[in-house]
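Trainee: Use these hints to put chain B onto chain A, whose structure you have.
Taken in sequence, the protein lines are chains A and B. At position 547 of the first sequence (counting the first as 1) the number is 547 in the UniProt record's numbering, and the numbers step up by one without a gap. At position 294 of the second sequence (counting the first as 1) the number is 294 in the UniProt record's numbering, and the numbers step up by one without a gap.
Quick caveat, the hints were computed from the structure, so don't treat them as lab data. Be aware that a few hints might be false.
A few chain A residues facing chain B, derived, Cβ under 8 Å [as the list claims (entries may be wrong)]:
| no. | residue |
| --- | --- |
| 1 | SER148 |
| 2 | ASN511 |
| 3 | THR557 |
| 4 | LYS611 |
| 5 | LYS612 |
Since the model is a prediction, treat every value here as computed from it, not as a measurement. The beta carbon of each residue, even a glycine, is placed where N, CA and C say it ideally should be.
2 protein chains.
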Amino acid sequence: MGTIKKFCFLLLFVFVSNAQIKKEQLNVMPWPQQIATSDAVFLLSKNFKINCNATADSRIYKGATQFLRRLDERTGLFFTQDFINKPNEFPEAELQINYLRKGKNELSEDESYHLSVLSNKIVITATTDLGALHALETLSQMVQNNGSEFYFPAVEIEDNPRFAWRGLMIDAARHFMPVEVIKRNLDGMAAMKMNVFHWHLADNQGWRVEIKKYPQLTALASDGSFYTQEEIKAVVQYADEKGIMVVPEIDVPGHASALLTAFPEIGSNIEKTYAVSRKSGIHDAALDPTNPKTYQILEAIFDEVCPLFPGAYFHIGGDENNGKEWNANPKIQEFKKKNNLATNHDLQTYFNMKLIPILKKQGKQLMGWEEIMTKDMSKDAIIHAWRSVKEGMEAEGGLAKAAKNEYKAVLSTGFYIDLMLPVDSHYLNDPMPKNVVFTAEEKARILGGEATMWSELVTPLNIDSRIWPRTAAIAERLWSNDTVTNLESMHKRLKQISFRLEEIGLTHIRNKAVILRNISNYQDTKALHDFTNICEPYKLYKRNGGGKKYFMFSPLTLFADACTADASDAYEFNKAVNRYLTDKDELSQEEIKYYLKQWINMNIELIVLSKKAPLIQPLLPLSKNLSLVCKQLLAAIEQKQSINKTELNMLFEQINTRNSADVELAVYDSLKKLAE
Amino acid sequence: MGTIKKFCFLLLFVFVSNAQIKKEQLNVMPWPQQIATSDAVFLLSKNFKINCNATADSRIYKGATQFLRRLDERTGLFFTQDFINKPNEFPEAELQINYLRKGKNELSEDESYHLSVLSNKIVITATTDLGALHALETLSQMVQNNGSEFYFPAVEIEDNPRFAWRGLMIDAARHFMPVEVIKRNLDGMAAMKMNVFHWHLADNQGWRVEIKKYPQLTALASDGSFYTQEEIKAVVQYADEKGIMVVPEIDVPGHASALLTAFPEIGSNIEKTYAVSRKSGIHDAALDPTNPKTYQILEAIFDEVCPLFPGAYFHIGGDENNGKEWNANPKIQEFKKKNNLATNHDLQTYFNMKLIPILKKQGKQLMGWEEIMTKDMSKDAIIHAWRSVKEGMEAEGGLAKAAKNEYKAVLSTGFYIDLMLPVDSHYLNDPMPKNVVFTAEEKARILGGEATMWSELVTPLNIDSRIWPRTAAIAERLWSNDTVTNLESMHKRLKQISFRLEEIGLTHIRNKAVILRNISNYQDTKALHDFTNICEPYKLYKRNGGGKKYFMFSPLTLFADACTADASDAYEFNKAVNRYLTDKDELSQEEIKYYLKQWINMNIELIVLSKKAPLIQPLLPLSKNLSLVCKQLLAAIEQKQSINKTELNMLFEQINTRNSADVELAVYDSLKKLAE
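Just chain A, same shape as in the assembly (with noise of 0.2 Å):
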């Protein structure tokens, strides 16, 4: 934005009073870059229109027509008007879109946008159509209303994102993922303004797209569930009307499994019978790297594949081979002496170099997890960092080391959303962190960042509950201003995002009451509600320590699948007790001793209920414990009695003891200070 334009932009609003108590009251997410407020509003009513001053162009006549149906669905306003499909219908309409040209799904296209909210007008002001999208849900995201009407605050709002690359990537190849749960997952990144797609296809677990050269891939190594070409096709062009790029990943060459399982003559271990894996975990399945068939395989696969997406990424994967197939074959040993390769790393990357022009040929760059990141790798490859100081990588992170290589990179660590940790820490997850010096030429190698949802331990059922509303934390990250960091705003917005997030089609609400439907064998699912509201499914990889519990078949409509990562009502009750602990207050009290007596009172109602639901049965001892507690330390409270340390003491044992509900309580902290 040049300096004069920004000057009129700050003088239109710096009469205005109380802006910054309306700002908080937005609900916008990600945070835009420039925001200014005022206190008209613009009152919605059934005359309300769109139109567009651009040439016709499906991409913004989809996006403004959707616009237009939500808003009325969420307002049941009965607007009159019904498609828009052509420029320049309304041109009195009070909500007017203008952009220069169609956008390019491309990184480097320009996003940003202008929005302005006046009490009689919204105009929207972009260069390309996708900015205009972005537009779109930022003013969706802004509807209020006073009991009768709907409006949007006027706002004045200058937006464009920090970074190029704002991703998400799905593991189709664990548990595989229908059409549907894609496109949904679609429709909140692009409420989200992400417009990375990553679609990880092929994996030790199956092998997902239809390749018609070799029908054996998915008749012997996906169980029937696969992706057609046709599918995918109508994939990325959904993902392209969304702004959305997408990547494919074929992981290679460790991570074969499913891959060898069709092709067994191209494995590391020619006396292996590969077959399709159930079980989660490092494998040691990996392609021959000597074997000039290995390439035929993969250049005709990727023939195949490349033409399906238009965008300029493929991803080979290259992660976690660990090298013992390789190490075990003499014929692989004798090939790296001959050829002076030292490591198995000088031997991948020798194996990653010779998928470049097979890429190239398709118009792709080659992108791939860290471990391609050797000494001799081309500088065109994309590097994919996703391993922290517990994988390894030095404190710096890899990302940062690929930067400083000369790599263009994006960033996963830190990211890693099935690992069910707190949502803060993706959050403040930046990837320029303050404490690394970067020049400006690093800086702008580093494209931006994409979570990562695996999926050993998710179904269709209960994905979207992984995804959001967190990734829209991570959206956030990505797009807004590094300095828009505090957590409580992030919260307070993030709870209003899941509600948007769920208008739109995701079923990380709806399903929750599904799961526990089940468990409670369709009785009252108040109690459970509750309890889950308190639990989170353990993190890291304790929930399938070894991948030895749960393999790729077993049931994921389980407690522990209802539970979420930041359980709310423990959120709100550490609040309570951190006040309490500080100030003694009344209110505080009051608040720590409602939720203390709803818990004693939630392990009656769980007993009861166990009696017609064995599936509860594996939450009453964590009920029971966290009942006794409750109960001595409100006693406590109301001074009724003093606390029995020893009891409690071996009751936070027990709690804090692996259970076979396989979720933590996330009050045990505060109710262990509550104690002490």
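Mentor: Chain B alone, transformed into the frame defined by chain A:
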């Protein structure tokens, strides 16, 4: 079943005591033809396995695998068996599935099965895999638990359908229904042993099937919402795997606005600009039956559509052509004279007869709504009865007339589930009513029945709640013996079946909560839930009388959309009132008081909620009047004061006046009875 086999069957269970009680505990639907129970149970364990004795067949493998997964998800037992895809893999498995051959998806196919559950063995025996699939559905409904373990009660079941045609029609023209909506409803059909899916693909409001020769059809007349031919093939394949035949419908010569939007030249009014309609109701648009091009275009369309559907039937609609455009066109009138076609019915017969060879060439029989049954119509046509006395049909009905006139026929009169009538009326609607005398030949012509889900007032969000669980009662009517008519039993089982339908992915329960969250602006929805449980959407055509309120793009996320026919609390309350008025018993009185108090309180809660939720406002007058009635009745029951008849009558009148919430109070009659 032969006499000796039958004798053995009875002998086996003749010693069993209290079998009748056990039977009543089963929540099976449709109710089997013969069922005998014992006191034994089959306990489910982690080691439960399934073995198929038959040769490779994806239908039973998929069905059995899905059965296993569903059972595992309900019980959380973590079965060790993964995929069933080989014959005789586990000869010692507890569940043995034996069948002779793959069934054909034809009306004459053998769908019978025998299911034997003993304490240590379950055996399914069937002629075809279709029968075996039915047996798995029955078994799946029989799971019970004792609080800690899950089990099947021991049974011997012999079962087969009463009618060959057990259908569900979904109108995907008025509101488009994406593939996933169709698929989950096919799952529901299979669970209810229904075998014909009738897909209404074109109407005034949209053309929903890709025609490669005429891309203008979907380009101009679908608003971008249509099925590609690949998608249709996938749905047909999906249906086939569940034993369901798909019958396509292209409605001609009326209901043709969408078709004529693309081909105005074959319309009967050549001066009209035909356009996709946004309204409900009968339209004038009709193809010109005198124009040879009409048949050329239809033939090209049918030539593309027919091969997508391997079934023997093609539905040409043929209903509700009001003849206005034909009467107004002199050329058409002249043609009638020249060809001795006295009436428009004769002209339509001429039109219909021209379609028969076009369809025959593709191996299809013509089916049409009952208007096609004119005196010269070919006896090869299948008549689809839909009109009741209201629509001018004689009392005996179109189905009886067709059967007596030598037509094969299917009944939809009385199965119009879009009209929001009580499930009782559908349940007692027998295709072979006892008051009509049929010869054996006539009986043989009555193929069965079909529930029709017209989509003027449904979207993907609420359609399941209009179809399910009520269509299960229709499925029972069409499958079970005509003596199975106990309404109490049906209601009791239907409630449980509703949960089974949720389990397989139908959204009739979960999406109600979504709509209520929207209405409440994401506040607590308890009061709204309570209100929906005593309100029903206006019945018949009252909600959208004259098609004036709701257009095809109007919001269907309102209170009436969250309500369903057969409001659950109303059902209980009405029973309690009837008991109370007969017996004056205390228990019924307490139940009545409980509800009256609930609705008084509900009104207060709704008022509070409405301060932040404008969509609650339209409910307040009804809720307030109900609350005032309840207060009077409660005081009267508690003998605190006598009833103010004048005020009460005024309140009842107001309650009975059309309200803008588009619902009726389903406890109205009972409240009136209490007031007398």
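Trainee: Tell me the numbers of any earlier hints that the structure contravenes, in ascending order.
Mentor: none
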